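4 protein chains.
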Amino acid sequence: MSNRTHRLEPHVYYYTFGPNEPALIINSGDTVVANTLDAGGFNEKMEPIPEEQKQRSEATTFREANPQVGPVYVTEALPGDTLAVTIQKIKLNRNYAWSRHRAHFGCLTGEVPGKKLFLNEPVPESKFDWQLNLERNTGILELKESQRERIEIPLHPFLGCIGVAPRFGRVETSMTPGEYGGNMDCIETKAGTTVYLPVWVHGAYLAFGDVHAAQGDGELCGVALETTAEVTVKIEVLKGKTCEWPRLEDDRHIMTAGSGRPLMDCVRIAQVELVKWLVDEYGFEKWEAFQVVSQAGTMRIGNVVDPNYTVVAKFPKKYLVT
Amino acid sequence: MSNRTHRLEPHVYYYTFGPNEPALIINSGDTVVANTLDAGGFNEKMEPIPEEQKQRSEATTFREANPQVGPVYVTEALPGDTLAVTIQKIKLNRNYAWSRHRAHFGCLTGEVPGKKLFLNEPVPESKFDWQLNLERNTGILELKESQRERIEIPLHPFLGCIGVAPRFGRVETSMTPGEYGGNMDCIETKAGTTVYLPVWVHGAYLAFGDVHAAQGDGELCGVALETTAEVTVKIEVLKGKTCEWPRLEDDRHIMTAGSGRPLMDCVRIAQVELVKWLVDEYGFEKWEAFQVVSQAGTMRIGNVVDPNYTVVAKFPKKYLVT
Amino acid sequence: MSNRTHRLEPHVYYYTFGPNEPALIINSGDTVVANTLDAGGFNEKMEPIPEEQKQRSEATTFREANPQVGPVYVTEALPGDTLAVTIQKIKLNRNYAWSRHRAHFGCLTGEVPGKKLFLNEPVPESKFDWQLNLERNTGILELKESQRERIEIPLHPFLGCIGVAPRFGRVETSMTPGEYGGNMDCIETKAGTTVYLPVWVHGAYLAFGDVHAAQGDGELCGVALETTAEVTVKIEVLKGKTCEWPRLEDDRHIMTAGSGRPLMDCVRIAQVELVKWLVDEYGFEKWEAFQVVSQAGTMRIGNVVDPNYTVVAKFPKKYLVT
Amino acid sequence: MSNRTHRLEPHVYYYTFGPNEPALIINSGDTVVANTLDAGGFNEKMEPIPEEQKQRSEATTFREANPQVGPVYVTEALPGDTLAVTIQKIKLNRNYAWSRHRAHFGCLTGEVPGKKLFLNEPVPESKFDWQLNLERNTGILELKESQRERIEIPLHPFLGCIGVAPRFGRVETSMTPGEYGGNMDCIETKAGTTVYLPVWVHGAYLAFGDVHAAQGDGELCGVALETTAEVTVKIEVLKGKTCEWPRLEDDRHIMTAGSGRPLMDCVRIAQVELVKWLVDEYGFEKWEAFQVVSQAGTMRIGNVVDPNYTVVAKFPKKYLVT
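Going down the list, the protein sequences come from chains A, B, C and D. The first sequence begins at 0 in numbering that gives the first Met the number 0 and counts up one residue at a time. The second sequence begins at 0 in numbering that gives the first Met the number 0 and counts up one residue at a time. The third sequence begins at 0 in numbering that gives the first Met the number 0 and counts up one residue at a time. The fourth sequence begins at 0 in numbering that gives the first Met the number 0 and counts up one residue at a time.
Simulated from the structure, these hints should not be mistaken for lab results. All clues given are correct.
Same chains, same names: a pair is fine if it fits in one copy or spans any two.
As a list, the in silico DSSO-like pairs of lysine-lysine whose alpha-carbon atoms are at most 27 Å apart:
| # | residue 1 | residue 2 |
| --- | --- | --- |
| 1 | K317 | K233 |
| 2 | K189 | K317 |
| 3 | K189 | K238 |
| 4 | K115 | K126 |
Every value quoted in this text rests on a predicted model; they were computed, and no experiment measured them.
Input sequences plus hints: build the corresponding full structure.
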């Protein structure tokens, strides 16, 4: 197995997942280091992407969200394999993150992207500036309208987006999650987690970006602490090992991510995949797997704001030791 | 404030929440100790409830689930007050818990109680016997169909049901959760948690039961580790303090429980109530509260199987210290 | 079979469905004539119900919606039978109907009764006065804010509510529909339709009210053309014939009404019941029934605003002639 | 305005909507006549598409559904315009249609394409052969398992799919509907209806296909009476007239089609668009429009089986005469 480290210096940024022109061609076992931009396309110095570096479908403001670095073409990755991406490091490199309330976005306004669902007034637009104290590893928001002065919360940086080329064609926006990963907005895609993604296209075409310095469950208002980071991932191809939806693993849990609408379908997809995993690799019979997942499994709601929602189902590894 | 301890020895068990004949009349500040039965109506010796002690609407097998002890009438509790119930102890008193897979119940079969939703075959019925090791505080399931022999998981006993008389009349089944609490099936109603419930009827009429020795998020198959316990709760009336949905508090979080269908409405109810709580009692302006909840709040799915689902939204108390 | 006609002169009005004190005891085959009040409790002269005639749980303004006449106790009706109620006439007797937009009600504001789901502003409250021209059989609304002067639409009076005592206890509000019928808000419960309702309690306890002079599909804003009428229904007991959800029949269709949340569950309940009906009484095998319903069945959305939504599934009788 | 009639003889068939290589370049006002294939890619002689004529993303069996003829490039169509497509004729040209029950498809099995949602058994696979009597205009299914011999239903042919290039890039499957139209599976896209589609890309790129000889509301089992036809459409560009979702119009109704998940969002999208239409073009103030739509509007469920569901909201034109 190869074991080289590549520095990915993007010349362009993609707003899609798919078999785009590779930024890098590597071998299974290699490591990739890249600086990601924030969801709005600003770098660590708050400089915007030059227009000519944006690779969009036929973009509008909305579709410009979440520029990705990559794709990384992994030579050994063939359809039917699984790509194991271990997130080794997410090193924040800016002392600032922003968030927003947008009129037509977020789960408490009753609007979804491009779809006005109600006749009443949407939420007022506003912007929130979070200072990141990288030494204390906290984010600080000065409160202007409240009787409190500020709030300081711990940071837990993670990749808002990580995905491969989808089963068919190209996903025309990096706003949405699915079977290929994408904009899952799950706090679990953090340093220490291995993300297993299905390979449908030779090369796999891994791309990632949209680092969040912190985020609550569900990403309720639709926008987290949007910032930049230097990201290090180690990439391996698991030959002949197939999965149908993203699987994740850290030192404590095996996890599956289900994305869709309505929210209950995310629960169902993730749990069916988790039961399947226990059956395929851990020796459980189907209904006994269902029983133990019912009693000892946990779940976390990743996002309830993107075009598809995401739920992560988890099972503790300590119960799987033989 | 009163400070007496009452032993509640039920003569009858209720399958409803409402202004039923009180089992006990107490004062604000008093403590109540009671033995609860399991969801099937069996006591710590696995003896069933005698028929004459069952207080149902016009019961059938289905409606016999979740017999409650109580109701406890709290003299000072008047409409518009809040009842604060601190769960001091849930002492398991049986070394056995059962679970089931039922054809017409549970979130991975596509059926809801009494409502066949699909034309295809439901899940096969089966029963699971969990041995409880009360010394090790674990539950053990012998696996019969799997390549593994057993699974052993830690116990975390909690009340599957706790509720008061609803805003109107009586809730005719203890299977469902709502604004009054009820069958929320949330692991958060454990020892150490204070549950705040709205008072709509003089006396409040608190009832509880359905102890689960352990349960995964969502209670996927519809049945947890059903068992019995000796439960100790301290009850206080917060005069003139109003809430509209259950609120919970432990040493780390303030929490709100939203129950309804579809699942997204539970998310919305719980989060709107959480924002409201931050505004009412912690000095936040509404939109700043929404922002901090979006970034630092968490959520847990209580159940996705009862007639109403339940989601608990949480905010860490450490960010609320002034 | 009996064949008497009873004039029901209510002394009280119920805001619940269940085994309340009967207003009338009849035999199978009898006919009942009654004047219904509008959803707000006003009679044909716009006089309100005297307070002492209101039979609510522990009522509030909200729960006072939809006073019912009845219940009618049908001597022969035993659990397991079906009650066939043929709506013979709905004679409007007031030249006025009202509708409203309410801040916390209706499907385009994102609110459900008692449950604030969003943080943004709800719809503005307003009232609409419809003049009923009983000769032309039309309703007329003068427009005040539009560039048009008025709209005139044909009337198609129907019962917003019709139901029996539920399977268990009492339904504490006449705002909600379910297996027992209730506030289905379906235009199909009109003159010429026979409504089949499950009998769960000896006597069946039929009640009805909430006449709508007209209504669009879904009752989007939550309030139809609320008015009064003289209603004539013929009631028969079908011995030993069982149904689990309301079935309806007119000269053109057999129909089933499914009520629940989310909306897809209404679709599923209604369609599964319709397939079942074709199998039970019309000689179809299950999967062939599913195929013909897929190709020749229709559906209508009754309401998307009540605590439970309602969908009516229909199959044309002309394809069922042998 | 141009007024030519073009015969479209496809050399290839597309399984996507977007700016694909045009099959025909026309002017506003022209008419197009084309033979469509059935959903499985068979022509009027039941011959399959030669492999080299299939234009898919990276196709699999699933993605091969619904081959489209076109796209038609309309010279005058610019972003911000509306394309008005009047369906003049759908002439069935085969005496046979097929339908299927598929294990992982259809609203009563609890599965969605590629997403196993449940652990229980799916519906059994089967195929149904419908004979089309084009003289009597009926479809006949011989029943094999039922106590009835056959069912004969009237035909009402319509386009299952009709759409333009989407706002961004390309829709990689002709299985799904959206803002651009697509696989709406609505019986309203029949002869006599004008479909208004938003133009996002110069040329509009209209494509259509997937004729259904008949279908019930919702297309419950996921497959209608799949057949072929000669289709005639007249195409006009409405300069400077913008719409955001498909609008439809026949001699009796103006209509809007909302597609999404869950089903309630389709209701909301369609109704908000309908209110908007009444405000923009018929002189209604917003809230009065909402009131009259609430009282006199209707709805039909197009499909509840595709990756997005579709609901059509309707308002009678007779109330709009000034």
